[in-house]
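Chemist: Produce the entire structure from the sequences given, and follow the hints as far as they go.
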Amino acid sequence: MNVFTGRLTEINRREALYYLGCGATAVQPEEVQALFDECEALVLGAQDLKAVYSVYDINLGEKLDLGFTRTDSRDLAKYLCGCNKIALFAATAGAGIDRLIARYSRISPARAAAVQALGAALIEGWCDRVHERIIELHGGKKARFSCGFGDLPLSMQKDIFSALSVTRAIGVTLSDDYFMVPTKSVTAIVGIPV
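Read left to right, the sequence shown gives residues 33 to 226 (my numbering).
These are calculated hints, taken from the structure and not from any lab test. Wrong hints could be hidden among the right ones.
Straight line, CA to CA, 20 Å or less: simulated DMTMM-like cross-link-like pairs of lysine to aspartate or glutamate [claimed, not checked]: (1) 117 to 130; (2) 95 to 80; (3) 190 to 209; (4) 110 to 97; (5) 117 to 80; (6) 117 to 107; (7) 95 to 168; (8) 173 to 69; (9) 110 to 209; (10) 174 to 107.
Label pairs and their computed distance ranges (CB to CB) [said to hold, decoys possible]: (11) 88 to 205: 40 to 46 Å; (12) 205 to 39: 19 to 25 Å; (13) 141 to 170: 38 to 44 Å; (14) 102 to 76: 38 to 44 Å.
The structure presented is a predicted model; accordingly, all values stated were derived computationally and were not measured. The C-beta atom is built at its ideal place from N, Cα and C for all residues, glycine as well.
Modeler: Right under this line is the structure:
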């Protein structure tokens with residue numbers, strides 16, 4: 033298992049606007065820009081980026097053997113066509129973002145929404161960085177696949193947490209309904225072609 037940390041210096045505003053439900057290409061009023069400037073500084077200050085990953089041999093037989101669990105997911109099997117390994121990772125932006133969202137939910141719904149959107153864009157940016165690192169070290173597909181995509185059940189999160197010791201490695205916990213805390217956390221599979 034490999035654990036690493038990082039720090040981003042900016043957040044993709046277009047992606048954050050998308051998460052906020054705004055048109056990413058639309059011109060935003062000055063008030064929205066000012067709110068995003070303020071909230072981006074808060075989110076960047078609260079980030080605690082961590083990731084853990086490991087590489088597994090896979091077998092694309094009748095039941096997909098991922099090296100840490102087995103699944104009947106046809107969508108994941110299709111994604112992994114031509115691969116003989118996977119990189120499995122979990123990443124988090126840290127608990128500070130959740131604390132900001134909770135705080136601003138009580139006193140400023142607009143700030144809470146902006147922090148939520150910027151936090152989502154932050155974890156996606158961190159996952160992009162983790163994914164790039166995996167490709168650099170092991171090769172891999174440009175897209176990643178996560179639980180809940182297609183027919184891959186969210187319940188596989190339990191197997192991922194066990195395989196990567198996610199809670200011990202990066203401090204993320206899993207609820208009984210398979211959601212992660214801190215909420216700005218992601219698990220993903222990267223196919224590594226033959």
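Chemist: All the hints need checking, so say for each whether the structure fits it.
Modeler: Hint check results:
1. 117 to 130: 34 Å, violated
2. 95 to 80: Between residue 95 and residue 80 the Cα gap is close to 37 Å, so the pair fails against 20 Å, i.e. violated.
3. 190 to 209: 10 Å, holds
4. 110 to 97: Holds. Residue 110 to residue 97 sits at ~13 Å (cutoff 20 Å).
5. 117 to 80: With Cα atoms ~29 Å apart, residue 117 and residue 80 exceed 20 Å; violated.
6. 117 to 107: 16 Å, holds
7. 95 to 168: 29 Å, violated
8. 173 to 69: 34 Å, violated
9. 110 to 209: 26 Å, violated
10. 174 to 107: Roughly 16 Å between the alpha carbons, so the hint for residue 174 and residue 107 holds.
11. 88 to 205: 40 to 46 Å: 23 Å, violated
12. 205 to 39: 19 to 25 Å: With a Cβ separation near 23 Å, residue 205 and residue 39 satisfy 19 to 25 Å, so the hint holds.
13. 141 to 170: 38 to 44 Å: 43 Å, holds
14. 102 to 76: 38 to 44 Å: Distance hint for residue 102, residue 76 holds at roughly 40 Å.
The structure is inconsistent with the numbered hints 1, 2, 5, 7, 8, 9, 11, although it conforms to all the rest.
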